[in-house]
Amino acid sequence: GENVEQHPSTLSVQEGDSAVIKCTYSDSASNYFPWYKQELGKRPQLIIDIRSNVGEKKDQRIAVTLNKTAKHFSLHITETQPEDSAVYFCAAMPPEGSYIPTFGRGTSLIVHP
Amino acid sequence: DAGITQSPRYKITETGRQVTLMCHQTWSHSYMFWYRQDLGHGLRLIYYSAAADITDKGEVPDGYVVSRSKTENFPLTLESATRSQTSVYFCASSQTSGKGEQYFGPGTRLTVT
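These protein sequence lines map, in sequence, to chains A and B. Under our numbering, think of the first position of the first sequence as 52, with each following residue one higher. Under our numbering, think of the first position of the second sequence as 117, with each following residue one higher.
So that you can see chain A by itself, here it is in the shape it has in the complex (with noise of 0.2 Å):
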């Protein structure tokens, strides 16, 4: 099946600065990578995603590139706030017809004001 790695596990930055997590996945047919933020105390949600077909996907301050031939995907957050403080998740889902995501252990990101 599929195994999903996710680096770092803690990660802490001052305010202003960029932040970079990274995943790698195993199961080459996998073609839909979101990326889940979980503040304390509260459920994940989806803030962005991509497809196998495209490269680089952003949105403001966040955005997902993707790296089909060495089966890795990074999240970047740039001018980090510390409401960009909270735990993210990656995920891997196999192709249609399985819906079942396998996450990475997720990454706490502390940003320092």
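Think of the hints as simulated: they come from the structure by calculation, not from any bench. All C-beta atoms in this analysis are idealised placements derived from N, C-alpha and C, irrespective of residue type, glycine included. One or more hints might be untrue.
Said to hold, decoys possible - DSS-like cross-link-like pairs, simulated, lysine-lysine; straight-line CA separation at most 27 Å:
1) A:K108 x A:K73
2) A:K119 x A:K109
3) B:K173 x B:K127
4) B:K186 x B:K127
5) B:K173 x B:K215
6) B:K215 x A:K119
7) A:K93 x B:K173
8) A:K73 x A:K119
9) A:K108 x A:K119
10) A:K109 x A:K93
11) A:K108 x A:K122
12) A:K93 x B:K215
13) B:K215 x A:K108
14) A:K88 x A:K73
15) A:K73 x A:K122
16) B:K127 x A:K93
17) A:K108 x A:K88
18) A:K88 x B:K127
19) A:K122 x B:K186
20) A:K93 x A:K108
21) A:K88 x A:K122
22) A:K93 x A:K73
23) B:K215 x B:K186
24) A:K109 x B:K215
25) A:K109 x A:K122
26) B:K173 x A:K88
27) B:K215 x A:K88
28) A:K119 x A:K93
29) A:K88 x A:K109
30) A:K73 x B:K215
31) A:K119 x A:K88
32) B:K173 x B:K186
Unchecked claim - Some but not every residue of chain A turned toward chain B, in silico, with C-beta under 10 Å:
33) A80
34) Y83
35) Q96
36) P133
37) V138
38) M144
39) P152
40) R156
Using the hints provided, position chain B relative to the given structure of chain A.
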């Protein structure tokens, strides 16, 4: 987000007791999932359901039972609670007509004493 709810939100029970966590969604999503979240382990899939009356095991099913007699409900039962089942439990749903992104419930914090 209001379309998927969980009850109770907090529960304290004793070892050996049976406890049922409820999950209800109003979107008629085909897929529903139960995860447990423990520090250092991210989101671990307990059980999932592709449709009413269709359920299957996830990564950590031991000690849990599910049923899905109606599309909108997906209860999770701990038959004989153990301290190792102390955790935060999230229910989620997804639709097959979309990309497969997951919508999470608010979570249930369960403590087994």
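Which earlier hints turn out false for this structure, listed by number in ascending order? Structure breaks hints 19, 28, 33, 36.
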